[in-house]
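A.B. asks: Here's the letter readout for the chains.
Protein chains: 2
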Amino acid sequence: MAEKIVKVGLVGAGTIGKGVVDLYLRNGSAINNKVDFAVMMAKVADRDRDRLQGLDLEKEKLCTDASEILEDPDIDIVIELIGGIEPARSLIARAIENGKYVVTANKDLMARHGQELIRLARRNKVNIFYEASVGGGIPLIRPLKHSLVADRVSRVLGIVNGTTNYIFTRMDQDGLSLEDALSEAQRLGFAESDPTNDVEGLDAAYKLVIMANLAFGKKADFDQVHIEGIKGVTYEDISYAREIGYSVKLLAIGEDLPEGLALRVHPALVPLEHPLSSVLNELNAVFIESEAAKELMFYGPGAGAMPTAAAILSDVVEAARCIRFNVANGVVESELQETGFVPIGALEARFYLRYLVEDRAGVFASLANAFADEEVSLDMVIQKRRVGDLAEVVLVTHEAREDAFRRALEKVTDISAIKANPSIIRLLN
Amino acid sequence: MAEKIVKVGLVGAGTIGKGVVDLYLRNGSAINNKVDFAVMMAKVADRDRDRLQGLDLEKEKLCTDASEILEDPDIDIVIELIGGIEPARSLIARAIENGKYVVTANKDLMARHGQELIRLARRNKVNIFYEASVGGGIPLIRPLKHSLVADRVSRVLGIVNGTTNYIFTRMDQDGLSLEDALSEAQRLGFAESDPTNDVEGLDAAYKLVIMANLAFGKKADFDQVHIEGIKGVTYEDISYAREIGYSVKLLAIGEDLPEGLALRVHPALVPLEHPLSSVLNELNAVFIESEAAKELMFYGPGAGAMPTAAAILSDVVEAARCIRFNVANGVVESELQETGFVPIGALEARFYLRYLVEDRAGVFASLANAFADEEVSLDMVIQKRRVGDLAEVVLVTHEAREDAFRRALEKVTDISAIKANPSIIRLLN
Numbered sequence: 001m002a003e004k005i006v007k008v009g010l011v012g013a014g015t016i017g018k019g020v021v022d023l024y025l026r027n028g029s030a031i032n033n034k035v036d037f038a039v040m041m042a043k044v045a046d047r048d049r050d051r052l053q054g055l056d057l058e059k060e061k062l063c064t065d066a067s068e069i070l071e072d073p074d075i076d077i078v079i080e081l082i083g084g085i086e087p088a089r090s091l092i093a094r095a096i097e098n099g100k101y102v103v104t105a106n107k108d109l110m111a112r113h114g115q116e117l118i119r120l121a122r123r124n125k126v127n128i129f130y131e132a133s134v135g136g137g138i139p140l141i142r143p144l145k146h147s148l149v150a151d152r153v154s155r156v157l158g159i160v161n162g163t164t165n166y167i168f169t170r171m172d173q174d175g176l177s178l179e180d181a182l183s184e185a186q187r188l189g190f191a192e193s194d195p196t197n198d199v200e201g202l203d204a205a206y207k208l209v210i211m212a213n214l215a216f217g218k219k220a221d222f223d224q225v226h227i228e229g230i231k232g233v234t235y236e237d238i239s240y241a242r243e244i245g246y247s248v249k250l251l252a253i254g255e256d257l258p259e260g261l262a263l264r265v266h267p268a269l270v271p272l273e274h275p276l277s278s279v280l281n282e283l284n285a286v287f288i289e290s291e292a293a294k295e296l297m298f299y300g301p302g303a304g305a306m307p308t309a310a311a312i313l314s315d316v317v318e319a320a321r322c323i324r325f326n327v328a329n330g331v332v333e334s335e336l337q338e339t340g341f342v343p344i345g346a347l348e349a350r351f352y353l354r355y356l357v358e359d360r361a362g363v364f365a366s367l368a369n370a371f372a373d374e375e376v377s378l379d380m381v382i383q384k385r386r387v388g389d390l391a392e393v394v395l396v397t398h399e400a401r402e403d404a405f406r407r408a409l410e411k412v413t414d415i416s417a418i419k420a421n422p423s424i425i426r427l428l429n
Numbered sequence: 001m002a003e004k005i006v007k008v009g010l011v012g013a014g015t016i017g018k019g020v021v022d023l024y025l026r027n028g029s030a031i032n033n034k035v036d037f038a039v040m041m042a043k044v045a046d047r048d049r050d051r052l053q054g055l056d057l058e059k060e061k062l063c064t065d066a067s068e069i070l071e072d073p074d075i076d077i078v079i080e081l082i083g084g085i086e087p088a089r090s091l092i093a094r095a096i097e098n099g100k101y102v103v104t105a106n107k108d109l110m111a112r113h114g115q116e117l118i119r120l121a122r123r124n125k126v127n128i129f130y131e132a133s134v135g136g137g138i139p140l141i142r143p144l145k146h147s148l149v150a151d152r153v154s155r156v157l158g159i160v161n162g163t164t165n166y167i168f169t170r171m172d173q174d175g176l177s178l179e180d181a182l183s184e185a186q187r188l189g190f191a192e193s194d195p196t197n198d199v200e201g202l203d204a205a206y207k208l209v210i211m212a213n214l215a216f217g218k219k220a221d222f223d224q225v226h227i228e229g230i231k232g233v234t235y236e237d238i239s240y241a242r243e244i245g246y247s248v249k250l251l252a253i254g255e256d257l258p259e260g261l262a263l264r265v266h267p268a269l270v271p272l273e274h275p276l277s278s279v280l281n282e283l284n285a286v287f288i289e290s291e292a293a294k295e296l297m298f299y300g301p302g303a304g305a306m307p308t309a310a311a312i313l314s315d316v317v318e319a320a321r322c323i324r325f326n327v328a329n330g331v332v333e334s335e336l337q338e339t340g341f342v343p344i345g346a347l348e349a350r351f352y353l354r355y356l357v358e359d360r361a362g363v364f365a366s367l368a369n370a371f372a373d374e375e376v377s378l379d380m381v382i383q384k385r386r387v388g389d390l391a392e393v394v395l396v397t398h399e400a401r402e403d404a405f406r407r408a409l410e411k412v413t414d415i416s417a418i419k420a421n422p423s424i425i426r427l428l429n
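Chains as they are written, first to last, in our numbering: chain A, 1 to 429; chain B, 1 to 429.
No lab work stands behind these hints, which were simulated from the structure alone.
Bear in mind that the values here come from a model prediction, so they are computed numbers and not experimental data.
Be a bit skeptical, because a hint or two may be false.
[Stated by the list, open to error] Capping the alpha-carbon separation at 25 Å, the derived lysine-lysine pairs in DSS-like fashion look like this:
# : chain 1 : residue 1 : chain 2 : residue 2
1 : A       : 34        : B       : 218
2 : A       : 7         : B       : 145
3 : B       : 219       : A       : 34
Pulled out of the complex, with its shape left as it was, chain A reads as follows (with noise of 0.2 Å):
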């Protein structure tokens, strides 16, 4: 068969698309053994020329100016690894339109311009591939695009976020705080330097909207996510969680309900024999419930360049792949269904809360009459231990409708005896 060269431009040269060089010049030639024609990394674009500099790669490949990838007809696959919204959806497009293929792991732009882009794609005869935009080198998107073609997902649970679960699994082994863990993960560079996008959940629920379009088939949106990060989560609940047979997780979670999706990015209460308790320090996992399969499982390394780069070198394969057999848009995405959201209030969970109470009569029966009052119904109530003159009560709720219970959560806090906000994590049901 006549060998067809496919030609790369990639724009971007930080820390992943160094990576995607890297392993580019290590596994090219196994990579074209194994297809049958030859990707060729043509050109690299940043505008920083030291990033370039620590490139290992001819001179003339190099450019400042992402215009020459571009607007080069030669160059069939565009990489962008700049993140953020703009330029980077600008740059997208324009790619498109000049008819190249799209390989992008820019999670926060899937997730709020992704639809638009696919229809761009269409329209174009190309196609846009983001598998690196999820679970880092995690086989993920891939699956749910083709794999579960014949199934129906019901929900979505990830561990989407490498930073804060590394932060609970040092908490929860090592009995840091939750400043401490995160000191150290930055240390150890599993966490940014400005780790507000992990910490605050923003992260997880862009992965978590990416998630839901290809599993349910439905239109997510961004702005209906319900979105907790981390910071309300201390040691000691950590700790009490696991005396109970739980672990602490930052969940993302998608239903696909009759009265539409509930998404949502919170933390949780994971039973200690769930698959997902298993997943430690920065690795990602996503556990897919569905009509067939029942319960499926992927892990793996949720970030990283050489995961990354692995992920998308595999996205430009594919892409390759269309190109080569002339495919189009040989996967395309079928335009997802406009569906209604399902607010937090609405859904039914159970709940941890921890408290500082007064150890005096009488306290104990003015909480349990607040929560009898909205029909929510303890299931466990557990005294702790004292602090100082105020005694610790840990409560786990059985399952009530959300906003009944933060009815109940007001009056509770309206007792003088109730000396801190509670801790309140849901558990995973």
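On the provided structure of chain A, position chain B as indicated by the hints.
C.D. replies: Then chain B, alone, in the frame of chain A:
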């Protein structure tokens, strides 16, 4: 876009075949909405009329002679679900020679004759898909083919037999003997009435060959797999393993070593903190170690009509896409490299042993000397309990070459104070 109808014929209407028809009837229109072509279940063949009666299909679609499918020029895709080597092999060859794509769940056949059928398909410009042959409903073949194309896999560790995993889980959790756990598995439908292939490790070995071919791009040979079943493992072994921090799993292990492929199936002690340890009951998982991604795991149902049917229909959609877009052998599997094989004797491992010995002076010294003579050093020696006049001793060795260990073992079993063959289980290293 004009809608093309892709016609599917299914041969073999047993449990899985019925599952495929049922899932197609339930989700077929949803599948057709996701892709821009229509998949039609056009004909089902089975020699057994009763099985055909059980299907919810029009009478004119049912036939007792597979030739009606194989020779029908309107049929684009043949699903083979009769299992075993012959007549499945001839039937698939005929389908391919008649220009049809083939989807199969036949692990024995793909392990023994997969390469010959893949080559035949290539010559006939079609392809053969076999996602359901390993790991049932777990997306595994497709990720190995596509997602890891830029990575180098060094080791594959699979819990790929649900029956034996169920048995070990019941022994561990409920203290059952192997025999009682097997009976329970049979009663619940997790084990067949003749469980030989499962219990003796053959089923896992077939799957290992298929995975090794794809993971390493080298020609794995079923006859080169070292196979040990689960029969030698007792409740005591599982219980002692847990005490020292391990679970017991039947593992299919493939390694790409400098000297060649090392392929083996045997029970192994898996550290409790390893993700494979939390794979319980009839569930399966495959853990992959690679250069770029480092560690990946795919977890889910390894068998069952519905999960397997979902995998088969995902292959049907992939085949239909190739037909729709005229991709011919779009998903070329590269020719596998010829390779050498590393015999089990040349591998290093740590070994767990459980002995019954006469409880008198000098016995342990004899044991220790026999090992020391072969330079096998002991990491752990625990006297567990008295059994009548005898003492039960558990040993764990340091890493040792298997042939040296075996030589030591022969000397040990010559010692007159040893009263029964030891239980021997390798530790996962």
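A.B. asks: Taking the hints in turn, state whether each one holds.
C.D. replies: Results for each hint:
Proposed proximity of residue 34(A) and residue 218(B) is supported: the alpha carbons are some 12 Å apart, at most 25 Å. For the given pair, residue 7(A) sits about 22 Å from residue 145(B) by alpha-carbon distance, which is consistent with the 25 Å threshold. Of the pairs offered as hints, the one joining residue 219(B) and residue 34(A) holds, with about 14 Å between alpha carbons and a cut-off of 25 Å not exceeded.
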